[in-house]
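Novice: Chain by chain, the residues:
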Amino acid sequence: MSSSKLDAKIPEGTLEQKWTKYRSTVHLVNPANKRSLEVIIVGSGLAGASAAASLAEMGYKVKVFCFQDSPRRAHSIAAQGGINAAKNYQNDGDSVYRLFYDTIKGGDYRAREANVHRLSEVSGNIIDQCVAQGVPFAREYGGLLSNRSFGGTQVQRTFYAAGQTGQQLLLGAYSALQRQVGMGAVKLYARHEMLDVVVIDGKARGIIARDLISGKLERHFGHAVLLATGGYGNVFYLSTNAMGSNVTAAWKAHKKGAFFGNPCYTQIHPTCIPVSGDHQSKLTLMSESLRNDGRIWVPKKAGDNRKPTDIPEDERDYYLERRYPAFGNLVPRDVASRAAKERCDAGFGVGSSKLAVYLDFGANMMRYGQIEANKQSLHNPSQEKIRELGRDVVKEKYGNLFDMYKQITGEDPYEVPMRIYPAVHYTMGGLWVDYNLMTTVPGMYALGEANFSDHGANRLGASALMQGLADGYFVIPYTIGDYLSEEIRTKAIPLDHEAFVKAEADVQERINKLMNIKGTKSVDHFHKALGKIMWDKCGMARNAEGLKSAISEIQKLREEFWKDVRVPGEANEFNLELEKAGRVADFIELGELMCKDALNRNESCGGHFREEYQTEEGEAMRDDDNYAYVAAWEMKEVGNWELHKEELKYENIKIAQRSYK
Amino acid sequence: MSGSGEKTLNLTLKVWRQKNGNTKGNLETHKVSGISTDMSFLEMFDVLNEKLINEGKEPIAFDHDCREGICGMCSMYINGRPHGPKQGVTTCQLHMRSFKDGDTITVEPWRSVAFPVIKDLAVDRSAFDRIIASGGFVSVNTGNAKDANNILIPKDDADDAFNAAACIGCGACVAACKNGSAMLFVSAKVSQLALLPQGLPEAKSRVLNMVGQMDEEGFGNCTNTGACEAECPKGISLENIARMNREYLKSSLTYVKK
Ligand SMILES: Cc1cc2nc3c(=O)[nH]c(=O)nc-3n(C[C@H](O)[C@H](O)[C@H](O)COP(=O)(O)OP(=O)(O)OC[C@H]3O[C@@H](n4cnc5c(N)ncnc54)[C@H](O)[C@@H]3O)c2cc1C
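Chains A and B, in that order, are what the protein sequence lines are.
Using my numbering, you'd call the opening residue of the first sequence number 79 and step up by one each time.
Using my numbering, you'd call the opening residue of the second sequence number 4 and step up by one each time.
It is worth saying that the hints were derived from the structure and are not from the lab.
Only a predicted model underlies this, so the values are computations on that prediction, with no experimental measurement involved.
For each residue, glycine too, the CB sits at the ideal point set by N, CA and C.
A portion of the hints provided could be inaccurate.
Pulled from the structure, derived: some chain B residues nowhere near chain A, Cβ distances all over 10 Å [claimed, not checked]:
| id | residue |
| --- | --- |
| 1 | 102 |
| 2 | 223 |
| 3 | 225 |
| 4 | 228 |
Chain B regions said to be covered by chain A (calculated; three or more residues, Cβ under 8 Å) [what the hints assert, rightly or not]:
| id | stretch |
| --- | --- |
| 5 | 58 to 72 |
| 6 | 250 to 258 |
Just chain A, same shape as in the assembly:
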């Protein structure tokens, strides 16, 4: 039974009709009233920028906040491989239902059916919208859009722009946003960080933000507050997220009453450049699209130190193809990551750290070269010539990724296989939201990676961009009307209202506290310590004993942080260390909740792998009788939470053990 505090507001009707019916019956706000309704959007990534542009186009008064110097720099910019949509342009059997099914199964049966179906339904519109904006997707010679494959599916439904899909989609959404800024419909606040939500009579009514240049705190009113603030993978210190990616906005919302959904569901991406030393500040992804053409292997002999090019074909173990013949190198991420860890733990890892496996393009480079040679009618081309032609094809598909690999490692991936290892990448968990994307605080919404909604316990590749843009372009413009239609009589609340005054004073007090500790250790010192605990005990594999000790270690770390952190400089100036300090303080509190959630979930599902719960072959073992629910945590005070459960009902999909064999 679901907790009485959680109402997912899933519309009545058959799965196929829910969204259509909802859209035609949801309350509307007339154009004149929209002009006096103000919406605050925190975040300018795919979710925030698309929501801001769309809501402003509809006539709402919008304010957008981001901590970077420009909305175009939100971390969506770094997404590489592509975006899914059920267009069936390849005539390979794709459909709204199949995308829905793949997503639910990929998420290991821990996502809400109605939300995922809606996502699949609007996926096609996203591609249409982006093309109309001038997003230069990859095309075939006939002028049509090109597709590639991603993990966990057997159709080609991924649209892309070289290895820079996120950049192109974000620049599309950013240009739509800037158009509204130019017209005065959106007011932009770059280099601003949201540090609290203001709640009045139980409803979200504004935020407190810090101008990062002057250090001044500001109060902003809104009839609704939308958080599109991205994921919290940086709780692990090392991840593929940007240096500034944080949980702060979501965490402040959590502290003001928004429940946090499935915090322990973390995605560890199988193909990232391995850690090279203690100086490492972040990890770099090598897109999943590379698994279209790269084959993953380790030597068959443990501790084989030969150069990869010297190891003959029959002494290589293509372990994904061996274990999962049906999906091969394109199994979902959680499966691929665990398989890499398994090989490395068993002593088959490569490179000097032995924490790496090979991702090898050799065979496909030759295959492409042969096809090109045929196209160009070259008879009896030399092996060299074929390689060269193949190299050009690979370069066109993934050139920027290969360059990046070379910059970072000093090795040329056209000549030797890449060395890769799993790294923290994405967080499926986030603020709990209902079908309207509203959190448990009325008037406060969460969009994009910041919410928990659509990916269950594991997200499929190329589905985050889809979800971010679905939320912003096609969902929130409708669902927000349901709430704002009731708010047309609410006048803008004056900024000297006691709730604003108090929220600002609380933020100020916390800043003063951080500045006045004047301890001995840098913010990074604490961040690294937290990251290590999280990676070792709440990372790719977890167990009860480790999680319990992690919780007490994190509690100790929190105490130390508040006694001994050193934040140089002043509060009323541009102060990057102060920004980091506030974020790390929030990560420490979140880390504890993640471990608590992982400890509560006595099963393995998707990215959450509890060593105690696995099959004989080492696959994740779910417990559908006891854990087919969303864990939504309510904060009572720091370190003390109450669990609420939203039961997941599968009415259209038969829940089964996931198999990619």
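Guided by the hints, dock chain B with the ligand onto chain A, whose structure is given.
Specialist: Quick look at chain B with the ligand alone, frame taken from chain A:
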């Protein structure tokens, strides 16, 4: 630990320090030692900052975020070159193996009237956002689009548009130019949209508005030195400037505002 053969370096850094936009700045000298050749330039700065914090001094402010060469936030002027000595990389992707033991490295912020210094190495590039807001878009509201494959675009045009759209808006072109011109940045967006059928209806007003805004922001004139292209980390081509000049000429002769 990578295959490249890690070494360590001892370096002298001369770094621009400036408290804020209202004060004068100066170069400050710092020594760092034991820098791994596998580090990125920014990780070397992390090491320096950690050292400064431990010594009770103020760390050096610099902009950075994705650290994978795509967000366009990092912006250091290294030994007289935006993003440093290597062609085609941003500062965050510049690795210390590009330097030698004992080197002295001078690091300054982007220098341009249109990019005022905020603190140390961080500058204000919001002028770029205002230029985009003046016309760097296709006016299509959400929900108005037809099926994506109804617009056919020859692959070569799509590729050229993509190459122009690959601009990361870092401002290296402006920093590299002796006149502080933003022509490469502006022309990349104008070109992207001029190459695509979706951009045509507004092509004339777009180029006029964006160039107008660029001038208003105080960027300098283009005198065709090509320094911008040479320093662009994403290889944005000068051809875009030529295309924009053609578009501008055509538009200023024929565009009638109604
Ligand atoms: C390297 C990499 C590659 C990826 N590749 C793919 C891919 O190929 N396909 C795919 O589908 N997904 C991919 N993903 C995942 C996907 O990119 C992200 O999940 C998605 O872009 C998140 O978008 P968002 O709008 O939710 O958040 P973001 O783009 O992260 O934006 C967050 C915004 O919130 C703002 N913000 C945050 N906190 C605050 C605060 N306190 N105050 C003010 N502003 C704040 C930031 O300034 C920013 O504007 C990738 C992710 C990474 C890291």
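Novice: Decide, hint by hint, whether the structure agrees.
Specialist: Hints and how they fare:
Non-interface status of residue 102 (chain B) relative to chain A is upheld: no Cβ of that chain comes within 10 Å, the nearest being about 13 Å off. For residue 223 (chain B), the condition that its CB be more than 10 Å from all CB atoms of chain A holds, with the nearest at approximately 21 Å. For residue 225 (chain B), the non-interface assignment is confirmed: its Cβ lies about 23 Å from the closest Cβ of chain A, beyond the 10 Å cut-off. Against chain A, the non-interface label of residue 228 (chain B) holds: every CB pair exceeds 10 Å, the least being about 26 Å.
Interface restraint, the stretch 58 to 72 of chain B with chain A: holds (12 residues with C-beta to C-beta distance below 8 Å; minimum three). Given as covered by chain A, the stretch 250 to 258 of chain B fails the check, having 0 residues with a CB less than 8 Å from a CB of that chain where 3 are the minimum.
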